[in-house]
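J.: Chain by chain, the residues:
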Amino acid sequence: MSTVTAKPGAAALPAAELTASRIPAHQVVAFGIMTGLLVVAPFVIYPVFLMKALCFALFACAFNLLIGYVGLLSFGHAAFLGSAGYASAHSAKVWGFPPELAILFGTAVAAVLGIAIGAVTIRSRGIYFANITLAFAQMIFFFSLQAKFTGGEDGIQAVPRGTFLGLLDLRQMYVLYFVVLAIFLLGFLVVYRAIHSPFGQVLKAVRENEPRAVSLGYRAEHYKLIAFVLSATLSGLAGGTKAIVFQLASLTDVHWTMSGEVVLMTLLGGLGTVFGPVVGAFILIALENYLAQLGAWVTIVQGAIFIVCVLTFRRGVVGELGRLLRKPL
Amino acid sequence: MTVFGVPTQALFGQLLIGLINGAFYAMLSLGLSVIFGLLNIINFAHGALYMMGAFVAYFALQWAGLGYWASLVIAPLVVGLVGLVLERTMLKRLYHLDHLYGLLLTFGVALVIQGVFRNEFGSSGLPYVIPAQLQGGYNLGFMFLPVYRAWVIVFSLLICLTTWYVIERTRLGSYLRAATENPALVQAFGINVPRMITLTYGFGVALAALAGVLAAPIYQVNPLMGADLIIVVFAVVVIGGMGSIMGSIVTGFALGVVEGFTKVFYPEASNTVIFVIMAVVLLIRPAGLFGRTA
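Taken in sequence, the protein lines are chains A and B.
Residue numbering for the first sequence follows my numbering, beginning at 1 and increasing consecutively.
Residue numbering for the second sequence follows my numbering, beginning at 1001 and increasing consecutively.
Treat the hints with care, since some could be wrong.
Claimed, not checked - One-sided and incomplete, this derived list gives chain A residues near chain B with beta-carbon spacing under 10 Å:
(1) Pro24
(2) His26
(3) Ile67
(4) Ala135
(5) Phe136
(6) Tyr174
(7) Leu251
(8) Thr252
(9) Trp256
(10) Leu264
(11) Gln302
(12) Ile305
Said to hold, decoys possible - Calculated pairs, DSBU-like style, for lysine-lysine (alpha carbon to alpha carbon, straight line, at most 30 Å):
(13) A/Lys204 to A/Lys327
(14) A/Lys204 to B/Lys1263
(15) A/Lys148 to A/Lys93
(16) A/Lys204 to A/Lys93
(17) A/Lys93 to A/Lys52
(18) A/Lys148 to B/Lys1263
No lab work stands behind these hints: they were computed from the structure.
Ideal Cβ positions, reconstructed from N, Cα and C, are used throughout, including at glycine.
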């Protein structure tokens, strides 16, 4: 009777299963299947679509790190994606940075922004955190709208792709694809490593029972802030890559609807699952592709998916799959 | 005449615009606060329902020939009814879960409503004329005051203060406040809390619709009129302190005025000033200006 099961607040978001340091075999298999599919995919499916999905998949993985493993819902992640996109595009186009440096610069900008916003917001939680991150992102949006270098409504167009590391000519479609795939896998593995490390265990402890984690001597806010900054940084990596791939940085990526979209991707794929955000991103980008001609129908379908997911499908695609297989994916 | 190098005409003009915006901020954040207090849900659909209120007024005029004054009653009733249905069919199922699911659900609802209206009416505004009784304006000597704008400010202030009075000073309001503190205990005293929750949501949403009707002659009727406004209102709610009734009224009007003055003295920052204030307030008082706990 003495076990502590009470959680602060009502039933929490679906808990991600975190086991000790050994990596479970089925996750290795799943990772192998995913990588295999992504290597073969460009020869079957239009590569530009895949690259878009990969950028969003990385974005969603970064977002999931925060909601799935820290239990914080950020409604302002577009700020990191978008501002990294602007930074990468500007540095590549105006300053003539090679693509790898441009992407790194964008990532660094997102990281700094993450530190600044995180330092102010990390102490709030739940709905307050969602609300405040949203407001900060909107601040970034208006800044992007008015600042000279972002090109306002036009955005930064015709960003040069250049040669990656001086070796790989990104103007060739397949070269570009595999560079993007490599970046995605790198980001994915960073997230995976983070959540399966002692650091990830502490995050889990903080999410489940913060006062207890604090009483055990963990500085909860530091851990949360590090997770927030890591999430922002990887979102920046996604945004910078996206800007180089599509040769464009625009207001769409900083607008709050983008923050909503990444929530939807993660929710649909499965909050707190390792592969869920990737699956969710691919489904949603595919859907947008097919519905693009139908105008506002995209919004209606997105909204409907939100409602259905929240009401009846809270584990998401991968979460349900994991439940059927009785293995956390 | 000038103040700090700015003609008084422009100054008072922006003050007026600020008060108008403030009136809408106050009414919307008041509704959000009332809903948040009892349901613990940030109602993301608030902006969409505000837009719906304006559209109900538009339809009432186009289809039924019912004018502005009738719409002031009809729109809140219709949209309030929509709110009741939303709460009964969807939100009710989420109370045992993390409150964030309520935010996500209402976000989805907002997307659907806005998408449907955008499909039907495009993104351009539909005009709604100012009622005959409220046309024209007063010349105050130092500025020209359109009657309709004066009406919006006075009327919304009246609605806000009435709401405050009902919640803070009447028996019904005391039930509401008690249920906010401890719903289980209030229910044990024989008060039907679930029904109260439903009606509270309906009331909060009806306030949004009323604001929508007031806004129709000023901003036109547009499917996206609530989409960006709601984000600003969220910031207003954070500054005022979530769940605080008087807090949302005062901060709503005050921030509208601050925004208006920013337009005069430093126009570049007019869109961001509210968010900057929010950041500063959070650093100094994390619970908001009028909030008790964060």
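J.: Are the Cα atoms of A/Lys148 and B/Lys1263 separated by 30 Å or less?
T.: 19 Å, holds
J.: At a threshold of 10 Å, is the proposed contact between A/Ala135 and chain B supported by beta-carbon distances?
T.: Status holds, d = 4 Å.
J.: Against chain B, run the beta carbon of A/Leu264 and see if the smallest gap drops under 10 Å.
T.: Nearest chain B Cβ about 8 Å off; hint holds.
J.: Below or equal to 30 Å on CA atoms is what counts here, so check A/Lys204 against A/Lys327.
T.: The given pair, whose Cα atoms are some 19 Å apart, holds under the 30 Å limit.
J.: Just to be careful: measuring from the Cβ of A/Ile67 to every Cβ in chain B, is the smallest value less than 10 Å?
T.: 8 Å, holds
J.: Does the closest beta carbon of chain B sit nearer than 10 Å to the beta carbon of A/Phe136?
T.: Hint holds; A/Phe136 Cβ to chain B Cβ min 7 Å, cut 10 Å.
J.: Can we keep the A/Tyr174 interface hint, with Cβ of chain B closer than 10 Å?
T.: This interface hint is violated because 36 Å lies over the 10 Å limit.
J.: Below or equal to 30 Å on CA atoms is what counts here, so check A/Lys93 against A/Lys52.
T.: 21 Å, holds
J.: Holds or violated: A/Lys148 with A/Lys93, Cα cutoff 30 Å?
T.: The given pair, whose Cα atoms are some 14 Å apart, holds under the 30 Å limit.
J.: Take the C-alpha atoms of A/Lys204 and A/Lys93, compute the straight-line distance between them, and say whether it is at most 30 Å.
T.: 42 Å, violated
J.: Closer than 10 Å between Cβ atoms is the bar; does A/Leu251 clear it against chain B? Give me holds or violated.
T.: Since chain B brings no Cβ nearer than about 12 Å to A/Leu251, farther than 10 Å, the hint is violated.
J.: Mind checking the CB of A/Gln302 against every CB in chain B and telling me if the closest is under 10 Å?
T.: 5 Å, holds
In this structure, the hints that do not hold are numbers 1, 2, 6, 7, 8, 14 and 16, in rising order.
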